[in-house]
Amino acid sequence: GRIGEKLAAGELRNVRGVPTSEGTAALARQAGIPLVGLSEARPTLTLDGADEIGPRLANIKGLGGALLREKIVAAASRDGLVLVADGSKAVDTLGTRGPLPVEVEPFGWEATFEALSSLGCEPKLRMDAAGPFITDGGHYTADCDFGPIQDPPALEAAIRAIPGALECGLFIGLARAAVIAEEDGVRVVEE
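Each residue of the sequence shown is one higher than the one before, starting from 4 at the first, in this note's numbering.
Hints should not be assumed to be uniformly reliable.
[To be verified] Simulated DEER-style distance windows between Cβ atoms: (1) G26 with G123: 29 to 35 Å; (2) N17 with G111: 40 to 46 Å; (3) D187 with P151: 25 to 31 Å; (4) G141 with G176: 36 to 42 Å; (5) D131 with P37: 29 to 35 Å; (6) A29 with V192: 26 to 32 Å; (7) V191 with F110: 42 to 48 Å; (8) E194 with R100: 17 to 23 Å; (9) D82 with E125: 34 to 40 Å; (10) G150 with E113: 19 to 25 Å.
The set of hints was computed from the structure by calculation and includes no laboratory data.
The beta-carbon is built from N, C-alpha and C at its ideal position, and this holds for glycine as well.
Start from the sequences and build out the full structure, keeping to the hints where you can.
See the structure below:
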């Protein structure tokens with residue numbers, strides 16, 4: 004990546020990354036980006052993609068399978084989260100492009116899914132070739148199609164109140180800006 008190239012050329016210094024997934028860690032190592040854990044350094048800024056970006060920079064993340072770790076790192080960042088996405092991810096209402104991911108404890112997942120369905124969705128257990136998709140933290144992911152989400156903070160609170168629902172992909176109040184690539188150029192949206 005470009006950051007690794009700039010580090011190697013001496014154009015960037017004092018850059019360290021806090022990876023949110025094992026896949027990201029492998030790519031960063033390959034690019035020559037030094038990595039640390041949250042116990043070693045609090046991030047200044049989080050740069051990350053988003054699956055949907057809505058009003059006031061509320062967004063949905065987690066279709067890549069690392070939402071719990073992504074939210075922990077974003078919340079720990081002193082200067083917040085800056086989203087980077089293409090224009091297709093910008094929406095007027097969250098929940099219109101795809102399901103809302105919810106990271107779920109495997110123990111008792113059926114009861115957790117039943118509680119999620121009482122909120123108005125049909126949770127689907129995310130699968131991969133080997134069976135249920137397992138996050139780097141050892142959890143399942145429920146893909147929950149709520150349709151358009153009219154009150155994201157209320158839905159987030161309701162999901163987080165369910166025992167076994169560890170975190171959901173609604174990122175509210177964490178993003179301070181979004182860099183959105185459009186066909187005619189780049190648009191920066193700030194909160």
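Here's how the hints hold up against the structure:
1. G26 with G123: 29 to 35 Å: Holds - the Cβ-Cβ distance for G26 and G123, about 32 Å, lies within 29 to 35 Å.
2. N17 with G111: 40 to 46 Å: 45 Å, holds
3. D187 with P151: 25 to 31 Å: Cβ of D187 to Cβ of P151: about 27 Å, so the range 25 to 31 Å holds.
4. G141 with G176: 36 to 42 Å: With a Cβ separation near 28 Å, G141 and G176 fall outside 36 to 42 Å, so the hint is violated.
5. D131 with P37: 29 to 35 Å: Because 30 Å falls inside the window, the suggested range holds.
6. A29 with V192: 26 to 32 Å: Holds: the Cβ-Cβ distance is about 31 Å, inside 26 to 32 Å.
7. V191 with F110: 42 to 48 Å: 43 Å, holds
8. E194 with R100: 17 to 23 Å: Given a distance of about 21 Å, which is inside 17 to 23 Å, the answer is holds.
9. D82 with E125: 34 to 40 Å: Holds - the Cβ-Cβ distance for D82 and E125, about 38 Å, lies within 34 to 40 Å.
10. G150 with E113: 19 to 25 Å: For G150 and E113 the Cβ distance comes to about 23 Å; the hint holds.
The structure fails hint 4 only (numbered hints given earlier).
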